[in-house]
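Please work from the sequences and hints to get the whole structure.
There are 2 protein chains.
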Amino acid sequence: MTLRVGVILSGCGFQDGAEIHESVLTLLALDRAGAKVRCFAPNVPQARVVDHLTGKESKETRNVLVESARIARGKVEDVAKARAADLDALVLPGGFGAAFNLSDFARKGKDATVHPEVARIVREMHAAKKPIGAICIAPAVVAKVLGGSHPTLTIGNDRGTAAAIEGCGARHEDCPVESFVVDEGQRIVSTPAYMLGPDIRHVAEGIERAVRAVVGMAQAAPSPR
Amino acid sequence: MTLRVGVILSGCGFQDGAEIHESVLTLLALDRAGAKVRCFAPNVPQARVVDHLTGKESKETRNVLVESARIARGKVEDVAKARAADLDALVLPGGFGAAFNLSDFARKGKDATVHPEVARIVREMHAAKKPIGAICIAPAVVAKVLGGSHPTLTIGNDRGTAAAIEGCGARHEDCPVESFVVDEGQRIVSTPAYMLGPDIRHVAEGIERAVRAVVGMAQAAPSPR
Chain A
58 MTLRVGVILS GCGFQDGAEI HESVLTLLAL DRAGAKVRCF APNVPQARVV DHLTGKESKE
118 TRNVLVESAR IARGKVEDVA KARAADLDAL VLPGGFGAAF NLSDFARKGK DATVHPEVAR
178 IVREMHAAKK PIGAICIAPA VVAKVLGGSH PTLTIGNDRG TAAAIEGCGA RHEDCPVESF
238 VVDEGQRIVS TPAYMLGPDI RHVAEGIERA VRAVVGMAQA APSPR
Chain B
58 MTLRVGVILS GCGFQDGAEI HESVLTLLAL DRAGAKVRCF APNVPQARVV DHLTGKESKE
118 TRNVLVESAR IARGKVEDVA KARAADLDAL VLPGGFGAAF NLSDFARKGK DATVHPEVAR
178 IVREMHAAKK PIGAICIAPA VVAKVLGGSH PTLTIGNDRG TAAAIEGCGA RHEDCPVESF
238 VVDEGQRIVS TPAYMLGPDI RHVAEGIERA VRAVVGMAQA APSPR
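These protein sequences, in sequence, are chains A and B. Numbering-wise (this note's numbering), the first sequence opens with residue 58 and increments by one. Numbering-wise (this note's numbering), the second sequence opens with residue 58 and increments by one.
There may be inaccurate statements among the hints.
Copies of the same chain look alike in the list, so a pair counts if it fits in one copy or across any two.
Straight-line Cα separation of at most 25 Å, BS3-like style, residue types lysine-lysine; simulated pairs [unchecked claim]: (1) 138 to 116; (2) 138 to 113; (3) 132 to 113; (4) 116 to 132; (5) 186 to 116; (6) 93 to 186; (7) 116 to 165.
No wet-lab data here; the hints were simulated from the structure. These figures come from a predicted structure and were not determined experimentally.
Now the structure itself:
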């Protein structure tokens, strides 16, 4: 039985969208694990557009779904179409897009709001006991949605971000870039990726291991259908 | 001695820039090989901007160097600054950016013109007998610049593209996605990647093997300095 995994993208570029390396490494690890991947993103304007050469905000407007299609090579769907019944696992790569487009965690910390359809699919997956993987800053989205269940997560070791995540109700555990944290009970896997970096080989190792853990969880207890 | 490798990007997104997966997989393979990478791109407007969700051209204007910075996480330099004396090898990922921004091969085939600074660094590397790796459609750029030396290259098995490359003076050799073609004499390595695809794991395998071949060549005969 082929594992069906949803990946939620948040644009294309770490300063204003999905972190590109993390997203590609996630797609690669899932493909290598034999999973059938569907990419999703919210169909909304980006909260900001950043010139990645200068690091400064530009006056352009770009759409999160349209820019996500660059990473997904055109194959990306509105996250409103994501259904837990159609998926065995869900993975959220990081990048500022998770904290600006999937949520406003970058601006509001523990008081953030999560895009309603992103929040819905995360809640649906959790309720169905299907595993969720969250990379880099994306655990903040999970913490905000599922904080009431007090999941254990990592965003590496940044004290301010860890405190904001704990302010959402989650428990934070420090973790090196090559590794990952598993909350077996909540079925949530997280890895710091470019919250720590700095090198792509270390980010890749953490993501490969985290994705294998997500896939292993999904295979160990496939949902009834 | 750390190997210094230049990577020439051509934007961010396969329809109008560098193929994102190929670029990231190149950066990963180089980092894993212990190479120190410098990314370069031409500082010019993109020849086109394509909405990757619909596949249609949009009226936006974007800059190749600025968009390439999304893949390079901000660390990308004008290709005019690339010097063969500072590099041990050069790799060109693919995507339509290679055929629209690094050259106009997509429009003119064998009669294409290559961006002058891209042509210069490719010629400099070749003259210095330093290895060049070309991925996907990027061998067309190499064929156009070095056609007079008749390098053997692959772009997979597309007859029209292969004929255009041979029209530049190169020899084309069919190759499966997981593999690569080496011209030992010219020190040029090529792999089809998403010219064939379709899956990222196969593209990754071909790129990993091609990059290892480039690195091996560079290590086997380091240039005097």
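Structure-based check of each hint:
1. Taking the shortest alpha-carbon separations for residue 138 and residue 116, neither the intra-copy value of 30 Å nor the inter-copy value of 28 Å comes in at or below 25 Å.
2. Within a single copy, residue 138 and residue 113 get their C-alpha atoms only as close as 33 Å, which misses the 25 Å cut-off; across copies the closest is 23 Å, which meets it.
3. Taking CA atoms no more than 25 Å apart as the test, residue 132 paired with residue 113 passes between copies only; the shortest distance there is 14 Å, against 29 Å inside one copy.
4. In the homo-oligomer, the alpha carbons of residue 116 and residue 132 lie at most 25 Å apart only across protomers (22 Å), although the nearest pairing inside one protomer, at 27 Å, exceeds that limit.
5. With identical chains, the CA atoms of residue 186 and residue 116 are never at most 25 Å apart, being 42 Å at best within one copy and 45 Å at best between copies.
6. When the C-alpha separation of residue 93 and residue 186 is checked against a cutoff of 25 Å, the pair qualifies only within one copy, where the shortest distance is 19 Å, while the shortest distance between copies is 43 Å.
7. In this assembly of identical chains, the alpha carbons of residue 116 and residue 165 lie at most 25 Å apart only when taken from the same copy (22 Å versus 34 Å across copies).
Hint compliance for this structure: hints 1, 5 are not met, and every other hint is.
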